[in-house]
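**Q** Please model the complete structure; the sequences and the hints are all you need to start from.
Line order of the protein sequences matches chains A and B.
Its first residue numbered 937, the first sequence is counted upward by one per residue in the numbering used here.
Its first residue numbered 89, the second sequence is counted upward by one per residue in the numbering used here.
These aren't lab readings, by the way, just hints derived from the structure by calculation.
Some clues are possibly wrong.
Quick partial rundown of chain B residues pointing at chain A, CB under 8 Å, derived from the structure [claimed, not checked]:
(1) Leu126
(2) Tyr133
(3) Gln140
(4) Ile141
From the three backbone atoms N, C-alpha and C, an ideal C-beta is built for every residue, glycine too.
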Amino acid sequence: MSKRRVVITGLGIISGIGKNTGDFWQSIVNCQSGIAPVELVDRSKLRFQNACEVKNYNPSDYFENIDLIDRFAQFSLISAREAVKDANIEWTEELQENTCIILGTSIGGQYANETATNAAFSETKSRVHPLTVPRVMPNSSVGNISIKYGIKGASYTISSACASSNHAIGNAFWMIRNGVAEMALTGGSESPFSFAHLKAWEAIRVVSPDVCRPFSKNRQGMTLGEGGATLVLESLESAQKRGAKIYGEIIGFGMSADASHITKPSQEGAERAMELALKDAEVSSDKIDYINAHGTGTLANDSMETAAIHTVFGSHANNLAVSSTKSMHGHALGGTSALEAIATILGTQNGILPPTANYQEKDEACDLDVVPNEAREKRIDYAMSNAFAFGGLNAVLIFRKFE
Amino acid sequence: MSDTVFQKVAELVAARVHISPEQVSIDSTFQDLGIDSLVALSLIYDLEDEYQIEIPNEEAMNVQTVRQVVESLGRLGVE
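**A** This is the structure:
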């Protein structure tokens, strides 16, 4: 089967650094971090104080009725709406039947889950709301988008913790490349700010007490974020036929599993995912100009990821730029790599290296050009975006500038 | 059949489907009112809250009109 070229023709996003694609990109270019004191829960009961929440978010600005839609699914619907509009799609019955929706989320409807749990264990009220199941289910974002646009093709949710959205985008990419679908809405979303879930992150002791400082010697951990991002993918032929604007091209996808430890990342697993993505893209490693790193800001990830990049890229590791945009939009778990895909695509399209914010001190174990604290103009022909999840599940995408 | 109960049911139905209580009659069907199976579940939840009762499945699953709701509540001792 011949491989079709797959392009990105629509983008939509809601995040802690911008509630649409333009604002998100401006924040990246300005190295503007959205990390601030937690407001969604009582932070006096938390050991960590900061997160990257979507501030001043009022669901009624976007929805008439959110009875069935938890916050993470709202974010997917909002970003899908922007992406569909941006791609200027004219739905026909044939297109609806040949479009797929593949989204990532790690934890699904946490707020409905927490509300139901509280009610179920309450001494005065032992019953829960009848719409709890459709609110909690992680595939509710896909189901709601399918209903909204009448999309009837293969659609599902992928949950692989912090790699969920890269797995989703990669699967959608392969489906279009192989002719299984004509168009895809893909990406992911997350909103992890329910109180009990934050306590779980507190307990596992990987959240920074101040801010996420990827690759910096004094880094102390990740900062949680939230949001949603949706990409419209289609074959190059389809995009050109309908005169769509093209943001860039997806050319490679690689996946691996560490098979070693449930939370500690494995260098070998990360290397294999990057190598498989390069092989899938049919490009040599020295073509890559920029890597949007997994870059969580934890001691374990950033040094492991640096070492893996050295192994995969050899001496070229010293020529390429590597940054972590999590320093600005936070770690939005199952949605994060969709946010990062958009940062990578726009960086490639605009010839701008997204920066690593909050960087303070060089670490010899992270001796790459991490584009510290300031975006930089540079032509980017090929870019990679990494995601290495708890569970030891890895997913890497490769994008190419479209000209 | 209790008129007071009907008035309260009409209010709760109206709130669920975003219409005014005057638009709800004793003979309105769920279909007329745009109440699908999930909205019906939410309405039953509201009624349990309002009257501090537990509506068993055999009652909940068999109501398709406002009249049936009021009659069902009557069987459960709500007047």
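**Q** Against chain A, run the beta carbon of B/Leu126 and see if the smallest gap drops under 8 Å.
**A** It holds, given that the least Cβ distance between B/Leu126 and chain A is near 6 Å, below 8 Å.
**Q** With chain A as the partner, please determine if B/Ile141 meets the hint condition of a C-beta pair closer than 8 Å.
**A** violated, 11 Å
**Q** Please check whether B/Gln140 passes as an interface residue: C-beta within 8 Å of a C-beta belonging to chain A.
**A** With a closest approach of 10 Å, the B/Gln140 hint is violated.
**Q** Taking the least C-beta to C-beta distance, is B/Tyr133 closer than 8 Å to chain A?
**A** holds, 5 Å
Hints 3 and 4 from the earlier list are contradicted by this structure; the remaining hints agree with it.
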